[in-house]
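With the hints as constraints, model all of the structure from the sequences given.
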Amino acid sequence: MTWEYVIPNVETGAPSRASELPMDNDAFAAFYKRSARSLWAYLARVSGDPALADDFMQESYVRFLCASRPDEGEVASRRYLFGIATNLLRDHWRKPASTSIEELPEELFAEKDRAMQLDSHASLGRAMARMRPRDRQLLWLAHAEDYSHREIAEITGLGEASIRLLLFRARRKMAKLLRERPAEKAKRA
Amino acid sequence: MIFKACLREAEVTELLHSGRWPAAGTPELVSHVHSCRRCNDLVLVKQAIYSLRVETISAARLDSPGLLLWRAQLRRRNAAFASVGRPLAGAQIFAMITFILVAVGLVASQAKHGIQWLQWFEEAPQMRAFHLETLWSFSFMRADWNLMILIPTLGVLAILSGVVLYLASEKQ
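Top line first, the protein sequences correspond to chains Y and C. First residue of the first sequence? That's 1108 in the working numbering, and the numbers climb one at a time after it. First residue of the second sequence? That's 6 in the working numbering, and the numbers climb one at a time after it.
If you are wondering where the hints come from, they were derived from the structure by calculation, not from laboratory data. Treat the hints with caution; some may be incorrect.
Examples of chain C residues toward chain Y, derived with CB under 7 Å [claimed, not checked]: (1) His-22; (2) Val-50; (3) Ala-53; (4) Leu-57; (5) Ala-65; (6) Leu-67; (7) Leu-73; (8) Ala-77; (9) Arg-81.
Not close to chain Y: a few residues of chain C, all C-beta gaps over 12 Å, as computed [what the hints assert, rightly or not]: (10) Gly-30; (11) Ile-54; (12) Leu-111; (13) Glu-128; (14) Pro-157; (15) Gly-160; (16) Ala-163.
Have a look at the derived ranges for each label pair, beta carbon to beta carbon [stated by the list, open to error]: (17) C:Val-59 <-> Y:Gly-1180: 19 to 27 Å; (18) Y:Lys-1202 <-> C:Leu-172: 33 to 41 Å; (19) Y:Arg-1271 <-> C:Val-168: 51 to 59 Å; (20) C:Ile-98 <-> Y:Arg-1233: 51 to 59 Å; (21) Y:Asn-1132 <-> C:Arg-91: 25 to 33 Å; (22) Y:Glu-1179 <-> C:Pro-32: 28 to 36 Å; (23) Y:Gly-1264 <-> C:Ile-156: 51 to 59 Å; (24) Y:Glu-1181 <-> C:Arg-80: 18 to 26 Å; (25) Y:Lys-1202 <-> C:Glu-14: 31 to 39 Å; (26) Y:Lys-1140 <-> C:Ser-166: 50 to 58 Å; (27) C:Ala-10 <-> Y:Glu-1179: 28 to 36 Å; (28) C:Ala-64 <-> Y:Glu-1181: 18 to 26 Å.
A quick note: this is a predicted structure, and the numbers were derived from the prediction, not measured. Cβ coordinates follow ideal geometry from the N, Cα and C atoms, glycine included.
Structural data, given as structure tokens:
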């Protein structure tokens, strides 16, 4: 008689079965191929840090694979994945001073965006970098990923009615920054 | 800042999402977008962010999906081992605490009687209970034997309570 019989529900095979993932290799590889670039772009633009985006993308997929949730199709899986990434970003921002995401100064994030400003759309990137992280999140999810207000609410954990208003304000601010750009250029010329 | 809804926003959004703006927009809608601040903002921001997305996506460096699968498997396995070990550790701690409490109780009760058990150890070799013939009779059920029965009983109790706790926490 071995101890597995004395203590029920403890089987030698349990850990190996536990390591079986809800998605098989091929299904995951296909899903990864379709979603990884979008997720990285979201993380990189919202965090303003490509290296952080690399780390968080890996972590998001690992958490996604470890989660025990019913298979609700690709769209829902993708939304869930973006939700994980959003939580990682929120935890990251909360870590240094235990402050709310809204309380953090915009300059802090603008500074971190140096790497992203080197691209050919530098001024666009700069305008994005001057936005608050939450505004960036909302703008990106709404206009880069084309998520509806309901879906954004699900991803960010905010209320659907709040999303409408926050998105309106963020869009107005971003538009203002984008309009300032040609005016600044003209002034310099 | 006034939150003012525009009735044509949904129409503009639809065209932007499908990538058919401004080609598929009627001249009337195009002129509306020029005059409506809200729709104008929407078009400007949407187009700017979309172009940023196209560029950012091309800069992404992707890891192998196999590596991520392996990491996830490893994490799930570690979590499974941890979940098996947690009730065991709890049972061990509980058994240890029970044992210590029993030992303290025993010492306290004996201290009240002038630590008689030390004397019991001195007398132990002369006791009938240590002779082979007593194994075959019930005569050993005397007061001298109380400790010899009590200590293992309490030990077994402590172990069993640990096992019971393990089973209870394992079911959770």
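Status of the hints after comparison with the structure:
Given hint, C:His-22 at the interface with chain Y, holds; its Cβ is 5 Å from that chain's nearest Cβ, closer than 7 Å. Because the smallest distance between the Cβ of C:Val-50 and any Cβ of chain Y comes to about 5 Å, under 7 Å, the interface hint for this residue holds. Residue-level restraint check for C:Ala-53 holds (minimum Cβ-Cβ distance to chain Y is 5 Å; threshold 7 Å). Among the interface hints, the one on C:Leu-57 holds; its C-beta lies about 5 Å from the nearest C-beta in chain Y, closer than the 7 Å criterion.
Hint status for C:Ala-65: holds, given a least beta-carbon distance of 4 Å to chain Y, under 7 Å. With 7 Å as the threshold, the beta carbon of C:Leu-67 comes within range of chain Y, its nearest partner Cβ sitting at about 5 Å, so the hint holds. For C:Leu-73, the interface hint holds, the least distance from its beta-carbon to any beta-carbon of chain Y being 5 Å, beneath 7 Å. The interface hint given for C:Ala-77 is met, as the beta carbon of that residue sits about 3 Å from the closest beta carbon of chain Y, less than 7 Å.
A hinted interface residue such as C:Arg-81 counts as satisfied when its beta carbon comes closer than 7 Å to some beta carbon of chain Y; here the least separation is about 5 Å, so the hint holds. Residue placement check: C:Gly-30 keeps its beta carbon more than 12 Å from all beta carbons of chain Y (closest about 17 Å). Not every CB of chain Y lies more than 12 Å from the CB of C:Ile-54, the least distance being 4 Å, so the non-interface label is violated. Every CB of chain Y is more than 12 Å from the CB of C:Leu-111 (nearest about 29 Å), matching its label as outside the interface.
For C:Glu-128, the shortest C-beta to C-beta distance to chain Y comes to about 39 Å, beyond the 12 Å cut-off, and the non-interface label holds. Every C-beta of chain Y lies more than 12 Å from that of C:Pro-157, the closest at about 20 Å, which supports listing it as non-interface. For C:Gly-160, the condition that its CB be more than 12 Å from all CB atoms of chain Y holds, with the nearest at approximately 18 Å. No beta-carbon of chain Y comes within 12 Å of the beta-carbon of C:Ala-163; the shortest separation is about 17 Å.
For C:Val-59 and Y:Gly-1180, the hinted distance range of 19 to 27 Å is satisfied, since their beta carbons lie about 26 Å from each other. As the Cβ distance of Y:Lys-1202 to C:Leu-172 is approximately 39 Å, the hint placing it in 33 to 41 Å holds. At roughly 57 Å, the beta carbons of Y:Arg-1271 and C:Val-168 sit within the given window of 51 to 59 Å. About 57 Å separates the C-beta atoms of C:Ile-98 and Y:Arg-1233, a value consistent with the hinted range of 51 to 59 Å.
Taking 25 to 33 Å as the suggested C-beta distance range, the pair Y:Asn-1132 and C:Arg-91 conforms, at roughly 30 Å. About 43 Å separates the C-beta atoms of Y:Glu-1179 and C:Pro-32, a value inconsistent with the hinted range of 28 to 36 Å. In this structure the hint that Y:Gly-1264 and C:Ile-156 lie 51 to 59 Å apart at CB holds, the actual value being about 58 Å. Evaluation of the 18 to 26 Å hint for Y:Glu-1181 and C:Arg-80 yields a pass: the beta carbon distance comes to about 23 Å.
For the pair Y:Lys-1202 and C:Glu-14, the beta carbons lie near 38 Å from each other, so the given range of 31 to 39 Å is met. Range check, Y:Lys-1140 to C:Ser-166: Cβ separation about 54 Å, and the 50 to 58 Å hint holds. Between C:Ala-10 and Y:Glu-1179 the beta carbon distance is about 32 Å. The supplied range of 28 to 36 Å therefore holds. A hinted range of 18 to 26 Å holds for the C-beta pair C:Ala-64 and Y:Glu-1181, which are about 24 Å apart.
Hints 11 and 22 from the list above are not met by this structure, while the remaining hints are.
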